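**Q** Sequence lines, in order, name chains L and G. FYI, in the working numbering the residues of the first sequence are 1 to 308. FYI, in the working numbering the residues of the second sequence are 1 to 217.
Where hints are given, some of them may not hold.
Claimed, not checked - What the simulated footprint calls covered on chain L by chain G, stretch by stretch (three residues with Cβ under 8 Å from a Cβ of chain G suffice, anywhere in the stretch; the number is not a length): (1) 16 to 28; (2) 139 to 149.
Said to hold, decoys possible - Computed Cβ-Cβ distance ranges for the label pairs, DEER-style: (3) G/Arg72 <-> L/Pro4: 44 to 50 Å; (4) G/Ala71 <-> L/Ser3: 46 to 52 Å; (5) G/Arg72 <-> L/Arg269: 55 to 61 Å; (6) L/Ser3 <-> G/Asp16: 17 to 23 Å; (7) L/Pro4 <-> G/Arg132: 25 to 31 Å; (8) G/Asp108 <-> L/Ala171: 33 to 39 Å; (9) L/Leu201 <-> G/Arg10: 33 to 39 Å.
Unchecked claim - Facing chain L, a subset of chain G residues (Cβ under 7 Å, in silico): (10) Pro54; (11) Arg78; (12) Arg79; (13) Gln89; (14) Leu91; (15) Pro95; (16) Leu102; (17) Ser103; (18) Val106; (19) Asp108.
Since the hints were made in silico from the structure, they are not lab data. Predicted model, so just to flag it, every value in this text is computed and none were measured. No residue lacks a Cβ here, since even glycine has one placed at the ideal position from N, Cα and C.
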Amino acid sequence: MSSPITWLARHLQALLSALGRLLRAPLGTLLTVLVIAIALILPTGLWVIVANARAATNDLTEVVTLTVFLNSDESLQSAKNLELKARTLEKVGKVNLISADEGLKEFREYSGLGTVLDIMKENPLPHVLVIQPNAQNTDHSSLELLRVALTAWPEVDTVQFDSQWARRLEAILNLLQQLFFAVAALLALGVLAIIGNTVRLEIMARRTEIEVTKLVGGSNAFVRRPFLYLGLLYGLMGSLLALALGAVILVALEAPIGELGALYGSTFRLSGLNPEEALRLVLIGGGLGILGAWVGAARHLAKIEPRQ
Amino acid sequence: MIIFDRVFKRYPNGCDALRDVSLHIKPGEMVFLTGRSGAGKSSILKLITLLERPTRGSVVVNGQNTASLSARAIPSFRRNLGVVFQDHQLLMDRPVYDNIALSLIVADVPYREIDRRVRAALDQVGLLGRERVLPSELSIGEQQRVGIARAVVGKPSLLVADEPTGNLDHALAQDVMRLFKRFQDVGVAVVIASHDESLIEEFAQRAIHIETGAVVA
């Protein structure tokens with residue numbers, strides 16, 4: 001049994017040896033790392049898209065509103081009372097009363113039908129409450145419950161909200177999330193195959209060294225160790241390059257997305273991985289590297305035995 | 001030290017390499033395995049170093065019956081042996097020091113101890129000061145000495161050599177044999193497979209003669 005210092009020194013030696021091998025073949029290393037980075041960046045990009053879409057639609061409180069049309073015979077005072085009553089509801093964030101007069105004024109301004117409206121003796125529009133649900137209740141089922149509750153009020157004529165739009169958006173995001181898991185699983189297999197094959201080639205190139213090491217008493221674990229570090233380094237470097245490429249792509253997309261958002265009156269900005277997610281990607285890359293190297297090494301090292 | 005009891009070895013291609021071989025080598029003894037190429041000398045060494053297992057019979061080395069050793073136990077079994085090859089089997093892209101230290105690194109010997117023992121082994125084979133040289137920069141005789149230093153640096157109780165002088169001229173071969181004799185003098189058992197009859201006579205040690213897979217003398 002070796003001392004902890006000796007054990008640590010052996011691992012450090014294996015790590016440095018693996019690093020040295022990567023640095024001695026910079027072009028080959030770069031190409032392999034680039035392929036791993038591309039394999040990692042595709043699901044990461046999908047994740048960023050889903051996360052940003054979710055963040056953007058968290059503003060459903062801004063977008064999804066329930067329009068409550070009161071009965072046409074309700075007085076302004078009654079409408080103000082209902083506004084106060086609506087504010088007390090648990091699921092409600094903001095309530096805005098648009099009186100019949102304000103409604104008519106807006107309609108006159110934006111419809112271009114001012115002269116036609118002048119002919120009418122009475123304002124045909126009802127008082128309207130525009131209700132924004134609070135942040136925790138923007139999903140379809142919560143909105144539907146709120147709609148049913150408001151419709152039950154005797155002063156209310158109808159309640160409208162764009163439920164189809166919200167449901168479709170939610171379905172698309174769920175689909176993208178499932179797609180992310182499928183793509184991530186497939187590309188993780190790809191990374192395993194890339195690293196496993198790279199390690200296999202490295203094992204073939206070092207066949208003599210492995211034979212001699214086994215002949216002088218090197219265990220399979222000892223022989224395998226530098227290859228596991230090689231896989232770890234490939235995985236870590238691949239994930240770090242994926243992060244760097246992702247950051248470059250984000251910077252490149254920032255301006256066009258800002259312009260697109262401005263066209264819709266939004267200040268939405270595309271955001272990349274947060275530090276925790278970035279760390280997770282690096283750990284996943286490293287883990288895939290070790291696993292791929294293990295699979296490649298276990299299979300091929302067992303076949304190499306010393307000759308005399 | 002080494003006991004072969006009615007050992008048979010048949011290779012997958014159907015070749016009977018050893019037929020009913022029994023032999024006994026004592027601790028600290030120096031023994032030559034002699035015979036023509038293909039007689040079965042290397043097969044005996046392969047069974048001793050656990051590169052092969054017997055088809056029948058038992059092989060006991062250092063008190064361990066090789067038939068009962070698991071694959072996981074083989075590395076530690078080999079660490080108690082020193083093996084020298086005709087073609088040296090050195091890592092040509094590593095300096096002499098690294099080649100010799102490998103035997104100690106796999107045994108988890110601390111680095112400070114490795115340094116001391118590698119220098120001692122190099123001193124024993126007359127190559128002290130050549131630590132940083134690549135094997136390709138050494139003569140064939142010196143490469144063989146590096147191979148011997150690697151074999152003895154782990155302080156094995158048994159040294160096994162397969163045609164260690166096969167590529168050397170007579171003077172160099174004598175030098176190498178004297179080295180083996182010195183290790184035997186300090187209690188290391190030495191088994192050498194060789195067909196160099198003159199060298200074997202010169203060193204006057206026990207010789208086991210093998211012919212077509214059987215011990216004949």
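**Q** All hints are to be evaluated individually against the structure, with a verdict given for each.
**A** Cross-check of the supplied hints:
Evaluation of the coverage hint for the segment 16 to 28 of chain L: breached, as 0 residues show C-beta separations to chain G shorter than 8 Å, against a requirement of three. Here's how the segment 139 to 149 of chain L fares: 0 of its residues keep a CB closer than 8 Å to some CB of chain G, so the rule of at least three is not met and the hint is violated. Hint check: arginine 72 of chain G to proline 4 of chain L, Cβ distance near 23 Å, so the stated range 44 to 50 Å is violated. In this structure the supplied range 46 to 52 Å is violated for alanine 71 of chain G paired with serine 3 of chain L, their Cβ-Cβ distance being about 27 Å.
Distance hint check: the CB atoms of arginine 72 of chain G and arginine 269 of chain L are about 57 Å apart, consistent with the given range 55 to 61 Å. Taken as a hint, the range 17 to 23 Å is violated for the pair serine 3 of chain L and aspartate 16 of chain G, whose Cβ atoms sit roughly 48 Å apart. Take proline 4 of chain L and arginine 132 of chain G: their Cβ atoms lie about 30 Å apart, and the range 25 to 31 Å holds. A hinted range of 33 to 39 Å is violated for the C-beta pair aspartate 108 of chain G and alanine 171 of chain L, which are about 59 Å apart.
At roughly 35 Å, the beta-carbon separation of leucine 201 of chain L and arginine 10 of chain G lies within the given 33 to 39 Å, and the hint holds. Below 7 Å, beta-carbon pairs count as interface contacts, and proline 54 of chain G has none with chain L, the closest being about 16 Å; its hint is therefore violated. The closest approach between the C-beta of arginine 78 of chain G and any C-beta of chain L is roughly 4 Å, which is under the 7 Å cut-off, so the hint is satisfied. Restraint check, arginine 79 of chain G versus chain L: the minimum CB separation of about 3 Å is within 7 Å; hint holds.
Nearest Cβ of chain L to the Cβ of glutamine 89 of chain G: about 5 Å, under the 7 Å cut. The hint holds. The interface hint given for leucine 91 of chain G holds, since its Cβ lies 6 Å from the closest Cβ of chain L, which is under the 7 Å cut-off. The closest approach between the C-beta of proline 95 of chain G and any C-beta of chain L is roughly 14 Å, which is over the 7 Å cut-off, so the hint fails. The restraint placing leucine 102 of chain G at the interface with chain L holds, with a minimum CB-CB distance near 6 Å, inside the 7 Å limit.
Checking serine 103 of chain G against chain L: minimum C-beta separation of about 4 Å stays under 7 Å; hint holds. Interface hint status for valine 106 of chain G: upheld, as the beta-carbon distance to the closest one in chain L is roughly 4 Å, under 7 Å. At a threshold of 7 Å, the smallest CB-CB gap from aspartate 108 of chain G to chain L is about 4 Å, leaving the interface hint in force.
Checked against the numbered hints above, the structure breaks hints 1, 2, 3, 4, 6, 8, 10, 15 and satisfies the rest.
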